[in-house]
Each structure stands twice: as structure tokens, then as C-alpha cells.
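Both chains are sitting in their own frames, so use the hints and assemble them into the complex.
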Amino acid sequence: MKKFKIIISVAVFAIMLISSGLYADGKKEVKEIKFKTSAVCHKCEAKIEDNMKYEKGVKFVDLNVDTKICVIKYRVDKTSPEKLKKALEKLGYEVSEIKKNKEGKEALEKFRSKK
Amino acid sequence: MNLLERYMLVVGILFMSISTYAIEENSIKGTVLELDKEGNESGLPGVNVYWAGTTIGVSTNSDGTFSLKLPQSNDYRLVVSFVGYQNDTIQVDPKLKTPLKIILSTNQNLDEVIIAEKALGAHISRMNPILTQKITTAELQKAACCNLSESFETNASVDVSFSDAVSGAKQIKMLGLAGKYSQLQTENIPNLRGLAIPYGLSYIPGTWMESIQVSKGTASVKNGYESITGQINTEFIKPDQANPFYFNMYANAYGKVEGNIYSGTKLTDELSTMIFVHAENFTNEKDMNHDGFLDHPKMKQINLFNRWKYDSENIHAQFGFKILKEDREGGQLSFDKDKPRTINNGYGIGVKTDRYELFTKTAYLFDKPGTNIGFINSFIHHNQESFFGLNNYNARENNYYGNLMFQTILGNTNHQLTSGVSFILDHYNEQLNDSTFVKKEHVPGGFVEYTYINPDKMSLILGFRADFHNLFGTMLTPRIHFKYNFSENTILRASAGRGYRSANVIAENTYLLASSRKLSMLEELDIEKAWNYGVNLTQYFNINGKDLNINLEYYRTDFQNQIVIDREQNTSRIYVYNLKGKSYSNSFQIEMNYELFKGFDVTAAARYNDVKTTINDELVRKPLVNDFKGLISLSYATNMKKWQFDVTAQFNGSSRIPDTSGNPVAYRLDKFSPRYTLLNGQITKYFRKWEIYVGAENITNFKQKNPILAPNDPFGNYFDSSLIWGPITGRKFYVGIRYRIKKY
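Just so you know, the sequences run in chain order A and B.
Be aware that the first sequence starts at 151, since it is given in the numbering used here, and climbs by one per residue.
Be aware that the second sequence starts at 173, since it is given in the numbering used here, and climbs by one per residue.
Pulled out of the complex, with its shape left as it was, chain B reads as follows (with noise of 0.2 Å):
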């Protein structure tokens, strides 16, 4: 609507005797200037000027000088915008101490100004070597979402599925291999470990969540050895950001009722809190599939939250506390829980957990820029008490976790170094029917990082750590990031590195419990180790002025070794033992997104996975793994976001069951499951201050037939509820509200 006049952005700096401006160690100072017709220069005032992706930023005096601090990031393109011009940017080296001299001059093209750019809902960063793709709060919303295992319905990369068919418990998979091989972080503080693997996707409620961090391949060195396949990383809501109140209750038709709420408050200009509330009640006995035990089991789940957040010129400090009480009941519709657990009760199942988290985080900021020291610690108790039927499992585990790192740059800011020392401890305790054991890590390490970054052209990160396991020993892990433009519409990046785990097997096989077959450990354990390598094309096509992105990947994963759970030797027995021979995943996948018109975004995505393991001796697929997965992903905003249509279509390949030919005829399952479609959608509708949704997941309907292997007969010898490929819910239509009181 606006026509004006299309201005050229000339950058010259300017060496300018130091004396007429005083300079600060950590700001930078300089003049807007514009060249009239005549080629005179004048300074511009009211001219913005900010760091690109922060609120830092001035307007230019009315002699068009400005100074600004430096941000504490080490992205330093400074962006000026003006009066109906398109915002530009500028790479500054912050090493400089001259005044920046930025001249705006006359181009005489008449061009339209461009408003508003809208952000996808998941994007992928032009600027990071590590390839990330950000999930935020717009595709949060796109979806029932009430926890993270449910963050990825949209998202083609994380495949979320049911452990079991009795516990309700989910899992995660990246590139074909399980939630266990990807690094959980929280807020970069490695979380969801240990014993939280099998239930803790369900400890983060989705509105607690302001984006989520997904990278594939291997990660950087400072948060640990132990991402293999890839890093999710979860940021929760900032108490300085934070609306002043929001509310959200959620129902579904299977009875599940959940409640969010939470408020945030600057308490001063440096200090600010938070508190988040979730409870959830799910107590409707649904069995819609009539084999006598619960779909899900019934659940009731508490998590408290309080932050804090203090922020001054050179100190950046947070810490905050979580409280979690889990309670999950499920099985036979016949069992009482009040009758003693008997084989003349029915088959019933509990899990009680407790979990307390306390985590801080600070930061020292010196004045040399890019240069602070930083120290994380987080401290976490974990109790589980359960039984599945006759098995009685109890568990605890103390972790702690400290890492203290160091970041400077060396002569300039496209040279950055890292290193770091840390420390973790976990202490288990884990009881299995009358079996105690108990394993203590001590796991003191170090690290080193070095980045190169050419903001135009390349970008390089080695990394290199050395781990020292009290009961493995030296772990060392080389890592290194490489990412090249080709042109600006062109990215390559390539990873490779190693990463190592230690496996908890009961706790995180606790689905193998909900089984008539006996856990079996036929040797002692090591630790897991892998190597990773991927290579991924990001091409960006302007098409009618919007942006086309194609991202074309390989990753392959190679295990040195890993802990096989073989449930195919043995038809009576599950055994445990270190890998004999080759185990591996490829992963091939063709992700693409696009914005058809105005106001509907179009995701597609198409993955071939390629996962074999050496089970008995012999080099076999993966049991329960897809081969191929496709997604379809259509989001529509009508003018002004007042309404928003969402429809997500899932086609999931076939996988290999566990072989069950040494059961009786009736217990006998096919060697392959079939294909599926899972279809979801749903309709938001936006007041100022209100938001109401509604939608339905999995309309098509398609439920796993016959989840449970002899499920009339579950002290038998064949009762089995761990061979899991696809949903075991059915059509659940839900409704949610949610309302905000907003700061602005």
C-alpha cells in the first residue's frame, strides 16, 4: 500500500579520531547519516537501530549519533531500520573501537515495504551449523499438545509411539532408533534420564513450553557424551517474559481432564518469578478394543514449577525448583486394587513416581566481548514404586549434574573457544521382585570447543571431550560441525562424532515387565557407544515471493556397542547381552515447507528408514521400527489469525514383529505389521483475550488389533504387551480453552 521509495543501505566505517567520542569496552557508537541530492551528508534521527533477533536497541539522536551495548550473544549483525525502508543488516566486528559510520542513500527504484514477515510455526535457522529445527508456541498450539511426547505430531523428524499397551507409557524415536540414543535436554541441562526414560516425556506439560529445539545427528560436546542420534531441547516460558496470567483447561472424550496455569512477574528491573501449575486427572475405564484390559490406564499427575531470574549488566542468574507426583493404574478391568496381588485377582498394573528437580544457572558476563564464564548445576530425586501383575519393581535415583564452561573469543568474534570441566553422579538403587541392585557413577570430565564463523560463507565446530567413568573409564569424544553456503540460498552442512550411554536396562525396559517372559542378563553390561555421521542439503527457492525450503538428509548411526534386548531367541525369557556384530540405522529424509498462499503453510515430509541389529548372532531389522514414515501437514489463518484450521495426515511404513513362531498357533503374530494413516486436525478460534480449540486425533480410527498377547490368560505363559507398532486409542475428539492476561 505505502510506495516509497526503496533505499540502498552504504555501509562505511569511518576512522574517525578516537578523542571526539568517549568509547565503552562494551557498546558500540556511531552515526546514521543520509546523502541528499547534492551528495551533502546529514545525520538521521529516530532511526532504529538494534541487534538482529534481540529487543536491544536505540533510536539515533537528532544529530543521527547512537550507542549501543554490545549483546550478549555473540551474533553481532546490527540491523537499521527506517521510516518505510527495508531493514538491513550489518556484520560488525565489535573487536573495533572507531565509531561505525552507516550512510543511507537514495536509490531511486520504487519498491512496496514490506510490513510483516511471518515466521513458520518450524523453522529451520539460516545462521546455526548445527542444523535445528525450532518448534514454536504457533506449531505447539497446532495440536492438543498436552506434553512433550505429544509436541511432535506435526514434526517429521520425531516419531512418537506407545511403549506398551497397558502403561500408556510413550517413547520417542529419532532416525529409527529409540528416545534413549537422543540427548533430552531441559533449558540445556541434560534431563529425562535414567529412570525418567520410560514415563518422562509426560513430565513436561505443553504450555509450560516456549519452543523446542530439535537437532539431529550428533551435538555439541558442552552438554555431555551421550547424544547419539540427536538433541531435543525444551525452553520453558521466561519469568521476564512472561504474560501476567494464563490459564488453559483441556477435555477429552476419553475422560482425560488437564489444567494449566501459570504467571509471571517482574519483581524489579533485574529480578523477576514464575510459577507453573499443571494437574491432570484421567479416570475413565475405557476398553474399547474388548480384550478385558484398559486402553490407558488411569492417571493422575501434579507438577509444580517455580523460577527465578535475575539479570544485571554482567550477571545473568536462574534457578528454579520442580515438583512432580505420577500415579498411573491400569490392567485388567478385573482387578481390584484393594485384593491382594494374586493370581486370582486380575492383572493390574501402578506406577507411583515422585520427582523433585532444582536446578541453577549462572552467568558472569566480562567486558571483552563474547567472553563470560558460566556454571550449571541441577540436582534430582527420583522415586518410583510399581507393579506389573506378579512383578514388583522400586526404584531411586539421586543425580547430579555440574558443568562450569568458559567462552572467549580469540582476536575476533568469528573465533570462539569453549571448554569446560563437569561432573555427574547417579546413584541407583533399583529393587526387581527380590532382587536389589544397586550402581553408583561418578563421571568427572572435560571439554574443549572451537568455532569458526564466516557469516557468508562457512562455519566450522571442533569439539573434543574426555569423560572418565568410574565404571566404563575413559570415554573420549570427537565432534565436529561443518557448514557451508554455497550461495545464500544453499546450505550444506555435514556432522560427525561419537557418543556413549549408560543403560539402565529394567528402568528403561520397564515395559518388558508387562510381560509373562523373564529379564535375563546374560553377561556384564558396557556401556553403549556409537558413531554418528550425517550430511543435509537446505535449499531456499523464492517462488511469488515466499520462501520454498527444501531440506534433503542422510544420517547414519553405527553402534560400537549397544545393549540388545533379544525377545526372539527365547519364547519364555528375554535376553540381555552386548552387541556381537553389526547394528545400524540410515536415515533418508526429504522435508518441505512452504507457504501456498496467504495464511496456509504447507509441510510435507518423507523419511526411509534402514535399521538393522545383530540379534542372535544374526543381522536382522530392528523389531518394531518402521521402514518408512510420510507427513502432510496443512495449517490455515484466516485474515488476522482469528480462526486457524490444522490438518496433519501421518503415513506410517510397516515393521517387523518380534518373531513369535515358537508360541501355539493362537499366539502366533504376523511377521510384519500393516501400514496405517493416522489423521488429526484441529479449529482454534482466537478472541483478545480468549482462545477456544477444538479437534480430533487419529479420525480415521485405526487401532492396533489385538495389542496383548493372550490377554485372557495373563499369568500365563504367554501374556505380552510389550509388541507395540501402532495406536492403541481410538478416534478422541477434545476441547480446550485457553486465556491470557497479556503484558505488553
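Okay, chain A solo, but in the shape it has when bound (with noise of 0.2 Å):
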């Protein structure tokens, strides 16, 4: 009887937590935010993602090493896009956020005309 009530307890436990988190996601508003950076490698890819996930707020994170643009998803009672700014840089990159460009389609279209 004994080893039921851990294995209700832990899965009860476990359930709670994941409950939770989803719970909490939903319940606040998000925001995505995208940065130009100077990040040009999958190392400097790899660096970016691993380091800003544990920023406080952010809830997804995608460097395109090819366009150079950070994507952020955050909370905005948690964080905003100066202190994601001053993170990106602490890293070590230059950066500058990218405002109105809601469709990757525009990014490619100024690369474009810039060649």
C-alpha cells in the first residue's frame, strides 16, 4: 500500500508542475520581439539560444544564422526589449532590434535589394 501512495504522490506531483507551467503560459500576455545581431556561426547559434532561454520572461528563442535575426517570444510583465537588448549584448554581440518586420518575406526582400 505504501509504494502505491509514492507512485500517486510523485505522479500527482508531477502533474501539478506541468500543469502549472502551462497554466501560467497562457495566463500572460507574450510578445515577440526580433533583433539583428552579429552573430554569424551555429556556434554563436548555439551560444545565443542556450544563454537567453534562462533570461527571465523569454519563452522561446530562435537565432537564423543565415539572416542574422534573433527571434524572442517573452513575457512582457517579466522583461522587456531593453533588458533582451542589453542580454544579446552581454553576450557579446551587436544588435538591433527590427521593428514592423512581421514577415521573415520583408528580411528577405531587404537582403535582396541590398545586394
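Treat the hints with caution; some may be incorrect.
Pairwise CB distance ranges (calculated) [what the hints assert, rightly or not]: (1) B:Leu-709 <-> A:Lys-240: 33 to 41 Å; (2) A:Lys-236 <-> B:Tyr-656: 34 to 42 Å; (3) A:His-192 <-> B:Asp-483: 16 to 24 Å; (4) B:Asn-570 <-> A:His-192: 41 to 49 Å.
No wet-lab data here; the hints were simulated from the structure.
For each residue, glycine too, the CB sits at the ideal point set by N, CA and C.
Below, the structure is given as C-alpha cells:
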């Protein structure tokens, strides 16, 4: 009987943990921001992604090495674009926020016109 | 999130005049172009071009041109990736002297971009002609994983069990046959053979490992004649890729504490080195089943490894050495090691091991693609001093292994040829009580292996080797592997081949010394010989954008000769003799992997074993082998992998217990063991530099009742600790931390 209690309590604990995570995710407003960075290689990608995910309020990080664009989704109540920018700079990269650039297509157009 | 145009790759190879490009022997050149709406070509700058599975790559220049060195492997798949487009892969013919022309043309379909593809912790390569399951670090970290013997908890193909109730030694089984029939390798060098068989799995700390490759059935002839049921290769972390610092501590409720540190550094662009340290200490005396014996011996181990790696354009060299000291003390609680070992003292067990390993690996790459010469050398000195009750067993082994290989291509890289010569030297000196056994084995040999690879359709490996054993004569080893792709998602593989193994009866069965029975060898023992045949079908289904992977397999092993350990004929003796009659194993397995939803992986497997052998002129089920094993492994990682939850359940069928009907009633055991379920779980929390994990093994607390026969009379006639079919230790909680300074 004792062992069943332990199993059940572990299971309940795990479910609570997971569901509390999901609940919190759904409750607060999450915004997306894009930065143009000076990251040039796949190692930078790993470095940025590994470190930025532990910044407060960050829900999603992705760096596309080809475009050098870093997409971050964050909780509005926990962090701000300025804080995120600082965190990226602290990792040793130059960054600038890309505004109103919702579609990667635009980045592509920009890239083409530059060429 | 990014809505992007989906581009299709159209690959055209244009035969431009060679004069426009200077051709280097060992590199390819080309241009990546784009067709605009009017159909004009223009060079695309900044496109990433790299060899599949490597980090060797370049970006195209402002005019779209690139030049890239050929890879060291024979994998000539070139990946072309560009802004938001799906990566595409091209098979390149390295012989081709003309530059490549790669045209990206627009397709107006809109599609999402694949950001990151997650590799499962354990996965099966689609490319490899030999079915190989790779267990990565991600998989290894799902369980406490103190050493190699504990690395297969979430793997359906390899079983791990205690070999006896007193020494704490664990052994593996593949296809229902003992681990000694699978070839264990460290970085493709045969290792953990001979005297290392009983305790060798504990010589490889879990945190040192980069990955483990498990392949069932007959193996390539390159690595020798030994593998019969399969091959398990362990790769250690490489000095040029290692983190500058890694630290791990682990402790469990049974009182075991262990620590691991490693550190790698690049001294120059070409030279790198690495140091590994492992120490463990297990001093608690626990007897949870109250039979007067320690459930697990007290143990101490120190293990050091230093390795060096040198890579230049044409030369790759590695060397390293390992030092291991291990001390096991077990037996009855009443045993006092300072008193003389007589029947007036308790029953004690002690195993002291000193092991030194040295290896070198050198490869020279010729300018011709796929052509190289490799030379592997390994030296091992192993010394064991041990006692089991009143039995004393001391043994020494000196081993040398050398393998010189030449690899080239015939015409193009679809045809590869490898040939080589090898030499194995094994000197054993064993003392069991008053008898001394000296055995010297010298085995020169040679092999040829032809590989045909047509990446889209089929591949074939034909191998043949001949070895000349000074004691057992000529050994011929033919082996064949075949892979056929019915489609991209349906792959059939088949293999057949022979393997040999020279047995060291006492060293491999030291657990039988922890028994009051006497070992009797009835005749001169011959070499063990077996054929293995296997067929498997891998099917990938795409369900909701995720791969569901189902693998069906059947393997049969047929022994031509086997060393039979007969504990059934006579209750006071263990007879050892050559097989007289049939001995075989049939193993059917089905395994399935699927990512049910984001972050949640499921593995389920079931296996049926039919293992029979002729003991005392009767074909019977091989003792202490499960007829069934099932496994369900669930793994969930939260968003961005900050938390991870893992649960594994193993369902074990019953096994036949060797006949004890000749014993007095009190010392008789059931004919078959019960079925039982094991449950393990672990929770890991990741921080920027730290990871903390807590878990429990054997959560249901299932233990084999009375693992020791006649524990109250260890010096009597019926004492036996070798009849083990289930776990001896119960529920075990553990906690550990990992700390790393990452290198980017």
C-alpha cells in the first residue's frame, strides 16, 4: 500500500508541475520581438539560444544564422525589449531591434535589395 | 511564424571549361545561382554550403561561388541552406572535376520554415547499412547512468542484470545471450574482453561517454572475428569538442557517492588534450533482505583517462592512457577481513583490480577521395586478486591488439574497399587455489571488405576474414550485410555471418566461485563458434508532421560449438564441456518511437526470446534467460527544456531456474521465476550552467526473494549465490548535479 501512495504522490506532483507551467503560459501576455545580430556561426546560435532561454520571462528563442535574426518571445510583465537587448549585448554581440518586420519575406527583400 | 516562399532546389551540373576554375584535388567548387522571374541567372551570396552531418562548410562569395574541401568520411551529401528556405541535400560525386552549378528556383507555394529539428535521444540511422541504434548523451542523461552497465535502462535491445548476489557485478545480454557473445568496443577498439568480462561494464563511467552505438547481429569484419550477437561501441567525449570544464556529483540512498570531472582544451589549432577523472565510494553495509549478506559489496573505484588528439590536413592521430583501480568487498556481515579466512570467520568476498590501457590511432588521408591508411594499437594490462569464501583466484592478463587498415574507392565512392591485417596477443596467467593455468594466444589475421552504396536504393557489404589462431587453427569468417530501401520510408536490412570466441572459463564465470560447487572441466575446450542471421524492417510513418518509427526484427544465432556451463547434472559440481547437440537463440522484437506532442517522446518495445541449449544431452531452455521483455519509456521536456521528466517501465518474463531437485527440500527452488515489472523515474531541472536531477530506480521495490541459496551455511554443500534472475537491491533514490562551463 505504501508504495502505491508514493507512486501516486509522485504522479500528482508531476501533473501539478506540468499543468501549472501550462496555466502560467496561457495567462500572461507574450510578445514577439526580432533583433538583427552580429552572430555569424552555428556556435553563436548555440550560445545565444542556450543563454537567452534562461533570461527572465523568455518563452522562445531562435537565431537564424543565415539572416542573423534572433526571434524572442517574452512575457511582457517580466522583461522588456531593452533588457533583452542588454542580455544579447552581454553575450558579446551587436544587436538592433527590427521593427514592424513581421514576415521573414521582408527580411529577404531587404537582403536582395542590399545585394 | 515566418511565412516564406518555399523554394525548390534544382540541381544542374554544368560542364564549364576547366580553365575557368583551378581545380584542387581534394575539394569541390561550384556556384549557387538564382533564377529570377525573367529566367535570368544571378549568383546568390551568403548561402551556406556544408557536408551533411559535419561542421565543414562555407558561405558563398558575393558572386555565389564557393570552394569546399571534401569531407573525411565517405558521405558526400552536400547541404545547401539559405535564408528561410528548407535545407536541401545533394549527392555529390567527388570524382567529378567540373564545378557544380546549383540553381535555386522559386516555387510560389507558401510554407512555414522548419526552425529546428529535434533528434530523439536514441535513434536509428537511415543511412547505415548495418542497423545501428545510437544512444546519445541526451538519452544517457535520462537515467542516473553511473557507468556503462546502467546505460541501457531505456533501451529495449540490451538487458542488464546482476550476475550473482554478492559481487555487485552486472552483465548484459543481447538476443537472450550473455554479453560475452557481443563485442564491446571503446572507440572501435575491442575492449572489456578476457579478464574484464565479469566487471568490465563498471570500468566506463557514464559521464565520459559521448554516445553508444548498439548494433545487433553480425558485425563488420574490420574489428575482428569476435562479435556473434552484436556490437556495442562506446565513444568518449573528444578533446577538441569537449567543454573546458565539466563536473558531476551523484549520491544514492544506499550510500554510494561518485564524482566525475573532465576538462578539454585546444592547445593549438591541431592539437587538443583532455583529462577525465572518476571516483566512487560505496561504503554502507546494507542487508535489506536479512540473509546475513551485503546486498551490494562495498566498492571503491578510481579511474583516470588522459587523451590527446592531433588533426592536420592529412594526418589524424590520437593516443591516450587509462588507469583504473577497483576494490570490492562483500559477503557476510559477520566477515572480518583482518581475521584469517577459515570456516570460523564469516564468508567474505574481495576483488581487487588494477587495469592499465594505452591506445594509439593514426590515420593518413591521401588526396584521392575516400582513401586512407589507418593504424590502431592497444595495450592492456589487467591484474585481479580475489577471494570468494575459501576460494582464491588471482589472474593476470597482457593484451595487445593491432589493426592496420587501408581503405580506398573503386572508380567512384559508391564502391569502397577496405582491407587490413591484424594481430591479437593474449597472455593469461590464472591461479585458482593450488592450480595455475597459463594460456598464450597469438592470432594474426587479415580481412577484405567490399561496400557498395547506392544511397537511394540499396547497399551491400561483403566481408571476409581469415585468422590463424595458435591454439585453434584457421578461422574463416564470412559476413554479409544488405540494405534495401523499398521507399524512403521503408527500409529492409538483412545480415548473416559467423563469429568465434575463445573462452576463459574461470575468468568469465567467477560468480560460480561464490558457490560451494566445484568446477570440473570434462575435456579440452574448443573455440566457441556460431552463425548469426538477422532480418529487420524499419518503417517510418509521418503522422502530424512527426516521424513514427516502427522497427520489426528477427535474429537467430546457431552455435556450432559453445562452452556449456552445466549446473544441473550434479548438485555439488559445475561441469564444463563442449556443446554436444544444438544450441540456438531466436529473438523477435518490435520497437516503436514517436513524439506524441511537442516535447513528449514515447518508446515502446516488446521482445520474445527463445533460447535453448543442450545440457546433459537434453535440449532445454537456457537457464536464467527471460522469455519476454517489454519496455515503455516516456520522456517529457517542457518548453525550451528547462525541466525534463522521464519514466521507464520494464516488463520481464519468467526464466528457467537451473534444476535444484537434487537438493534437500529446504534448498530447492521453483522451476521458473515469476514475471516482474521494474519502474524507474527521473526529474531533471536545467539552469544556465547547472543541472540538478533526482530520481528513483526500482520504484515498485521488487526484489528477488532469497537470492542466495543456503545463506546461513555458506561453507556447507548447498551454498549458491549464482542463481539470479531479478533485482537484489530494492527501491533506490538518488540525486545528482552537473555543472559545465560551455565552449561555443
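We went through each hint and held it up to the structure:
For the hinted restraint 33 to 41 Å between B:Leu-709 and A:Lys-240, the CB-CB distance of approximately 52 Å leaves it violated. Checked against the given bound of 34 to 42 Å, the beta carbons of A:Lys-236 and B:Tyr-656, roughly 56 Å apart, lie outside it. A hinted range of 16 to 24 Å holds for the C-beta pair A:His-192 and B:Asp-483, which are about 19 Å apart. The supplied range of 41 to 49 Å is met by B:Asn-570 and A:His-192, whose beta-carbon atoms lie about 45 Å from each other.
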